[in-house]
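Please model the complete structure; the sequences and the hints are all you need to start from.
Each chain is listed here by its residues.
Protein chains: 2
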Amino acid sequence: MATTIIQGFELRTAMTAPYLDFWFDFASTYSYPAIMRVGALARREAVAVNFRPFLLGPIFKTQGWNTSPFNLYAAKGRHMWRDLERTCAGLGLEFRRPEPFPQSSVLAARIALVGLGDKWGEDFCRAVFTAEFAEGRRIDEPETMRGILEGLSADTVAVLEAAQTTAIKDRLRAETAKAQELEVFGAPSFCTADGELFWGNDRLEAALAWAKRTG
Amino acid sequence: MATTIIQGFELRTAMTAPYLDFWFDFASTYSYPAIMRVGALARREAVAVNFRPFLLGPIFKTQGWNTSPFNLYAAKGRHMWRDLERTCAGLGLEFRRPEPFPQSSVLAARIALVGLGDKWGEDFCRAVFTAEFAEGRRIDEPETMRGILEGLSADTVAVLEAAQTTAIKDRLRAETAKAQELEVFGAPSFCTADGELFWGNDRLEAALAWAKRTG
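So the protein lines, in turn, are chains E and W.
When we follow my numbering, the leftmost residue of the first sequence carries the number 1, and every step to the right adds one.
When we follow my numbering, the leftmost residue of the second sequence carries the number 216, and every step to the right adds one.
Warning: the hint list may mix true and false statements.
What the hints assert, rightly or not - Cut-off 35 Å, straight-line C-alpha distance, at most; resulting in silico cross-link-like pairs (DSBU-like, lysine-lysine):
hint, chain 1, residue 1, chain 2, residue 2
1, E, Lys76, W, Lys393
2, E, Lys61, W, Lys291
3, W, Lys291, E, Lys169
4, W, Lys291, E, Lys212
Simulated from the structure, these hints should not be mistaken for laboratory data.
Laid out in structure tokens, this is it:
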């Protein structure tokens, strides 16, 4: 745990308050139930959750995959769609299979990085997953992004411009590199302050409990 | 649901009592916590569970894999070992990483098929997983199998002979083919009477609930 001295004050307490990094890709199927669940569970456990969108594509490429493994391995893919449907039904979440799958998540991830520096970031993230997995909308179309931003307290034109700056593009690349450095190989993934990695919507509770105990 | 008429009696009730097929490979890591949990959970839900050992190897081969995906994808493998360790700790189960991994499960599966036609089959299955994942013993060595059988009410010599008969070898091949036909792509997997497939130790509860509701 890092201890930083700023103007004579130890920030140990602030820096080691329980937190969890929540790594997700907007195209990732099980990131949908995870992002819809994480807020309430994290509040209950008093764990701060950092939303960290990244891109799975470059990580899949290093594993030799040019698309989702759910497309490459047909039986695994068919089970996943059925299982996701059952999981969403169990949570009372609307579900509609996105077509095509996967959709490029680059634009959504860049906008999210803009928004997570502002107040509307987390709402934007949830709205993107709802558009994609509940409403059958295309998240790779700027029109969908525009519609979502207009429903939030965001300056749509300014945000879409900011999302295309080199600074934001570089930041998304750096976040993806960081995820890979942490050995993230799928999404959602959860990483604690002491470096424990948990993969999958099924591990959200365990990751929060770990963060709380060791944070 | 099949209804069979035998000598004028409808067997509908007997044939549709809730049951769940539990497909596992003795080399499969998450089959270890699953097999140690399934008995008590199934009794609580009043669901009959059929132990169905099979071989993942031939199924992995059709996916282009010559060994476990946990060996082929290093980050995924490292996460799995750590996650399995955490899972076992949470359940109070001893855990020791098998070396080498995976070990051939052919001999254990053949003996299990002999035993599951007798009283000692399920105890044998659990004992094999304990030997492999708690005690660091080699399940691909006949000596380990002999030791386990001697601790059960089995005629060791007769059983080892039966396990090498063409009938049992063919049966294991047929079970593996059946698993593939059901679209089993990993282990453990659970399959209900109405054809729902659930993959993974994490889905055991959901599979039992489904079997109970629809059985």
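Original post:
Which numbered hints does this structure break?
Top reply: Those not satisfied: there are none.
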